[in-house]
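Colleague: Chain by chain, the residues run as shown.
Number of protein chains: 2
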Amino acid sequence: MAELIGNLLVAQSGGPTAVINASVAGVVQEAKKHACIKGIYGGMNGILGILNEQLMDLRAEKDEVIEALKHTPAAALGTCRYKIDFKKKPEKAAKDMDRLFQVFEAHDIHFFFYAGGNDSQDTADKIHGEAIKRGYEMRVIGVPKTIDNDLPHTDHCPGFGSVAKYNATTVMEIATDVSSMATDDGACCVVEVMGRGAGWIAASTVLAQRAPGDAPHIILLPEIPFNEAAFLAKVKSVVAKLRYCVVVVGEGLKKEDGTEFSADTTRLDAFGHPVLSGAAERLAEIVYGKLNTKTRSVKLGYAQRCAAHYASATDAAEAAACGEAAVRAATEGKSGYMVKIVRTQQSPYKWKTDLQPLKDIANVEHFIPRDWISADGFMPNEKFVDYARPLIEGETKVPTEGGLPKFAVLEKKQLPKTLGKRS
Amino acid sequence: MAELIGNLLVAQSGGPTAVINASVAGVVQEAKKHACIKGIYGGMNGILGILNEQLMDLRAEKDEVIEALKHTPAAALGTCRYKIDFKKKPEKAAKDMDRLFQVFEAHDIHFFFYAGGNDSQDTADKIHGEAIKRGYEMRVIGVPKTIDNDLPHTDHCPGFGSVAKYNATTVMEIATDVSSMATDDGACCVVEVMGRGAGWIAASTVLAQRAPGDAPHIILLPEIPFNEAAFLAKVKSVVAKLRYCVVVVGEGLKKEDGTEFSADTTRLDAFGHPVLSGAAERLAEIVYGKLNTKTRSVKLGYAQRCAAHYASATDAAEAAACGEAAVRAATEGKSGYMVKIVRTQQSPYKWKTDLQPLKDIANVEHFIPRDWISADGFMPNEKFVDYARPLIEGETKVPTEGGLPKFAVLEKKQLPKTLGKRS
Numbered sequence: 001m002a003e004l005i006g007n008l009l010v011a012q013s014g015g016p017t018a019v020i021n022a023s024v025a026g027v028v029q030e031a032k033k034h035a036c037i038k039g040i041y042g043g044m045n046g047i048l049g050i051l052n053e054q055l056m057d058l059r060a061e062k063d064e065v066i067e068a069l070k071h072t073p074a075a076a077l078g079t080c081r082y083k084i085d086f087k088k089k090p091e092k093a094a095k096d097m098d099r100l101f102q103v104f105e106a107h108d109i110h111f112f113f114y115a116g117g118n119d120s121q122d123t124a125d126k127i128h129g130e131a132i133k134r135g136y137e138m139r140v141i142g143v144p145k146t147i148d149n150d151l152p153h154t155d156h157c158p159g160f161g162s163v164a165k166y167n168a169t170t171v172m173e174i175a176t177d178v179s180s181m182a183t184d185d186g187a188c189c190v191v192e193v194m195g196r197g198a199g200w201i202a203a204s205t206v207l208a209q210r211a212p213g214d215a216p217h218i219i220l221l222p223e224i225p226f227n228e229a230a231f232l233a234k235v236k237s238v239v240a241k242l243r244y245c246v247v248v249v250g251e252g253l254k255k256e257d258g259t260e261f262s263a264d265t266t267r268l269d270a271f272g273h274p275v276l277s278g279a280a281e282r283l284a285e286i287v288y289g290k291l292n293t294k295t296r297s298v299k300l301g302y303a304q305r306c307a308a309h310y311a312s313a314t315d316a317a318e319a320a321a322c323g324e325a326a327v328r329a330a331t332e333g334k335s336g337y338m339v340k341i342v343r344t345q346q347s348p349y350k351w352k353t354d355l356q357p358l359k360d361i362a363n364v365e366h367f368i369p370r371d372w373i374s375a376d377g378f379m380p381n382e383k384f385v386d387y388a389r390p391l392i393e394g395e396t397k398v399p400t401e402g403g404l405p406k407f408a409v410l411e412k413k414q415l416p417k418t419l420g421k422r423s
Numbered sequence: 001m002a003e004l005i006g007n008l009l010v011a012q013s014g015g016p017t018a019v020i021n022a023s024v025a026g027v028v029q030e031a032k033k034h035a036c037i038k039g040i041y042g043g044m045n046g047i048l049g050i051l052n053e054q055l056m057d058l059r060a061e062k063d064e065v066i067e068a069l070k071h072t073p074a075a076a077l078g079t080c081r082y083k084i085d086f087k088k089k090p091e092k093a094a095k096d097m098d099r100l101f102q103v104f105e106a107h108d109i110h111f112f113f114y115a116g117g118n119d120s121q122d123t124a125d126k127i128h129g130e131a132i133k134r135g136y137e138m139r140v141i142g143v144p145k146t147i148d149n150d151l152p153h154t155d156h157c158p159g160f161g162s163v164a165k166y167n168a169t170t171v172m173e174i175a176t177d178v179s180s181m182a183t184d185d186g187a188c189c190v191v192e193v194m195g196r197g198a199g200w201i202a203a204s205t206v207l208a209q210r211a212p213g214d215a216p217h218i219i220l221l222p223e224i225p226f227n228e229a230a231f232l233a234k235v236k237s238v239v240a241k242l243r244y245c246v247v248v249v250g251e252g253l254k255k256e257d258g259t260e261f262s263a264d265t266t267r268l269d270a271f272g273h274p275v276l277s278g279a280a281e282r283l284a285e286i287v288y289g290k291l292n293t294k295t296r297s298v299k300l301g302y303a304q305r306c307a308a309h310y311a312s313a314t315d316a317a318e319a320a321a322c323g324e325a326a327v328r329a330a331t332e333g334k335s336g337y338m339v340k341i342v343r344t345q346q347s348p349y350k351w352k353t354d355l356q357p358l359k360d361i362a363n364v365e366h367f368i369p370r371d372w373i374s375a376d377g378f379m380p381n382e383k384f385v386d387y388a389r390p391l392i393e394g395e396t397k398v399p400t401e402g403g404l405p406k407f408a409v410l411e412k413k414q415l416p417k418t419l420g421k422r423s
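Line by line, the protein sequences give chains A and B. Per my numbering, the first sequence starts with residue 1, numbered consecutively. Per my numbering, the second sequence starts with residue 1, numbered consecutively.
Just chain A, with the same shape it has in the complex (with noise of 0.2 Å):
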């Protein structure tokens, strides 16, 4: 084969997290040890950015903003959660994919990375299809992110470490608090965090257990229907013993009727779900109507994806890792996978990366294993505490000016456009 030399172009897509950048500076880092790549590119909030012609010139960053990147929460290149979807809009589907390979070519782009989760995923793959099918030459690899670690075939992945350290540490504190505001009135505290289907991040919650009766209490699944019987006499026979209780709740729990248990149905995101909110809320309420114990409640919403200031060290090289692998895959010739993480010791913890083609994993959603939970549903057991733990070992390091975090900004110096307006 030939060696393809081009321009590349990196972006990212969906839900930030604390450590999508690590991924960023991972190719800009890789790819600028290979000849064969000449312009390194980022896209603007992900797929839409490069429908509209916006590209930065990711070489006219200084290396130490690039290096800062890895510590640096959210999507610094932008983000979005626009979907090209051939199924219910076939036509528009057609026309922007047009666009894409106008935008590619004007651009001399045959590298294209996206970090992303199930749904990039799917867009790489049909980028990576469309390539083959329009004989345009280009190595298509989807960089694995999200909070939720609900993508099939990588062991977890970057992001989901932070978020873990992040929710754990932050019910760690909340039990010390709530623990020394308790008499014998009993308190109970409802903390709701981030995952809409999966359960993994209101599971990794469990890490902040150490002895007998540390918080968390109970953790709500989303894989769990909700029996608010069986919930309320846990909560009831945990502050009977301990006098407080703290409760995890992820915000995709499920009414027994399979109907989530705070949808608000009049409101639906870009695509289409309907947006969640008030989980703890409502679960606070029904704790302190039912059992007239005294119930706050937490939501910590955007906090917990962005947390860069108490990140983890382990998830961040990870995140970094995968982005240089989708690199050098590409500049061996491949296309159409997505970089994974493999992890090939469980104790030291060992991990490496591999790839899985796109097709194995675009809106695949994995759930945690049914035998990962205790019988009652409300705690996941060791099995998924053997899993979760290596994954949030280590702090990144973080420069504070001012007492405050000091994260990278970008130049975003943009490419000149070539084309006429996206119509």
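Be a bit skeptical, because a hint or two may be false.
BS3-like mimics (lysine-lysine), calculated; alpha carbons at most 30 Å apart, straight line [stated by the list, open to error]: (1) A:Lys413 to B:Lys352; (2) A:Lys413 to B:Lys241; (3) A:Lys236 to A:Lys254; (4) B:Lys234 to A:Lys406; (5) A:Lys350 to B:Lys62; (6) B:Lys413 to A:Lys241; (7) A:Lys350 to B:Lys83; (8) B:Lys413 to A:Lys236; (9) B:Lys236 to A:Lys241; (10) B:Lys406 to A:Lys234; (11) A:Lys236 to B:Lys421; (12) A:Lys236 to B:Lys412; (13) A:Lys241 to B:Lys83; (14) B:Lys83 to A:Lys290; (15) A:Lys406 to B:Lys412; (16) B:Lys241 to A:Lys83; (17) B:Lys412 to A:Lys234; (18) A:Lys417 to A:Lys33; (19) A:Lys406 to B:Lys383; (20) B:Lys397 to A:Lys241; (21) B:Lys241 to A:Lys406; (22) A:Lys406 to B:Lys397; (23) B:Lys421 to A:Lys241; (24) A:Lys241 to B:Lys417; (25) A:Lys417 to B:Lys241; (26) A:Lys241 to B:Lys406.
These aren't lab readings, by the way, just hints derived from the structure by calculation.
Mind docking chain B on chain A? Use the hints.
Modeller: Frame of chain A, contents of chain B only:
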């Protein structure tokens, strides 16, 4: 004056902070230097535990555990919201006071330190007065503590610097998230923070601003009545300019008629205040409903007041110093004072401790001066920033184990009870 010799009792009261244990460490470490102080005891759950004769022996704790209290959040001795209320319940209050002095006598306690906010300083003042009335030789010194920063006469309260640092960091991180997700459709996030009466906590998130356009873009303070039309116009103009908007709201935001924006009058706390919840959630509904801008909410709740993993080193040092100063004052014969922090130099920031009569503190609430807030009421100005900035400097060093913070765990060796049950 003949030297007073006896045992020391320290207790914690009210809502926890990230550094209230640092004050206890300061008390214990300083007490060990004074021969006149024999036993060093801790009251469990504040006044409530003392009434129940639940005392622990702090000399039985290892030195390194006491030192570790400086990075351990919440009230390690336990806390309470119990109030000795001579106004509303004079008979019960008189009975409580009798019982307290029985406990003091039974355990030869002549040095009493109470770390807390307004209500707790009031309790300390009453105990000081009663001791004089009863001719019981007792040195009572209050130690300031409150994330709310609403105590008068002290430059600021230990606990405030840490919540300010954590919340400002969280706002910075949320801003990276929301801004990276923002497309032309606009995006908004409302972050709810604590602060029922005074808006110091909400205001302190202004420290997250480093460059023009930085979040937070709007801060809603309890001191400034909420004007929905002005608020929506401001959100709209920020989104039009930046494509996103981060709003911070203090939970105690007031309507123009003086009632609380989000008060649930069906639920009262132990002091008879209505339980507040959901200011952010309600604001998010208003923004989405009126402007059709995608809006998410975050409610930090308990997470913010016990976030030792990112506490302010300045705050922790001051909290410890307040505990030390309290013991020194008592051994010098002082009683009926609260330790306060005096700012002796603005730049570089310098401070010292001093004393203020407890009667000046009790039940007085300190608000943000109006001229520290912008004319439109949506942002603290440079005067506030100059005041608050030094308080968040430095990061407490928190050891970790398995990727999570390692906090002090007290043995809590209980003193034998010598009295009968409290009637």
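Colleague: Please go over all the hints and tell whether each is borne out by the structure.
Modeller: Results for each hint:
1. A:Lys413 to B:Lys352: violated (49 Å)
2. A:Lys413 to B:Lys241: holds (20 Å)
3. A:Lys236 to A:Lys254: With a Cα-Cα distance of about 22 Å, the restraint between Lys236 of chain A and Lys254 of chain A holds, given a limit of 30 Å.
4. B:Lys234 to A:Lys406: holds (28 Å)
5. A:Lys350 to B:Lys62: violated (37 Å)
6. B:Lys413 to A:Lys241: Between Lys413 of chain B and Lys241 of chain A the Cα gap is close to 20 Å, so the pair holds against 30 Å.
7. A:Lys350 to B:Lys83: Violated, at about 55 Å.
8. B:Lys413 to A:Lys236: holds (28 Å)
9. B:Lys236 to A:Lys241: violated (50 Å)
10. B:Lys406 to A:Lys234: holds (28 Å)
11. A:Lys236 to B:Lys421: Distance ~27 Å between Lys236 of chain A and Lys421 of chain B Cα, so the pair holds.
12. A:Lys236 to B:Lys412: Measuring from Cα to Cα gives roughly 26 Å; hence the hint holds.
13. A:Lys241 to B:Lys83: holds (26 Å)
14. B:Lys83 to A:Lys290: This hinted pair holds, its Cα atoms lying about 27 Å apart.
15. A:Lys406 to B:Lys412: Violated, at about 40 Å.
16. B:Lys241 to A:Lys83: holds (26 Å)
17. B:Lys412 to A:Lys234: Status holds; Cα separation ~28 Å.
18. A:Lys417 to A:Lys33: holds (27 Å)
19. A:Lys406 to B:Lys383: Judged against 30 Å, a Cα distance of about 23 Å means the pair holds.
20. B:Lys397 to A:Lys241: Violated: Lys397 of chain B and Lys241 of chain A sit about 33 Å apart, past 30 Å.
21. B:Lys241 to A:Lys406: holds (24 Å)
22. A:Lys406 to B:Lys397: The hint holds at about 18 Å.
23. B:Lys421 to A:Lys241: Holds, because 22 Å separates the two Cα atoms, which is no more than 30 Å.
24. A:Lys241 to B:Lys417: With a Cα-Cα distance of about 23 Å, the restraint between Lys241 of chain A and Lys417 of chain B holds, given a limit of 30 Å.
25. A:Lys417 to B:Lys241: holds (23 Å)
26. A:Lys241 to B:Lys406: Within the cut-off at roughly 24 Å; holds.
Of the numbered hints stated above, those contradicted by the structure are hints 1, 5, 7, 9, 15, 20, listed in ascending order.
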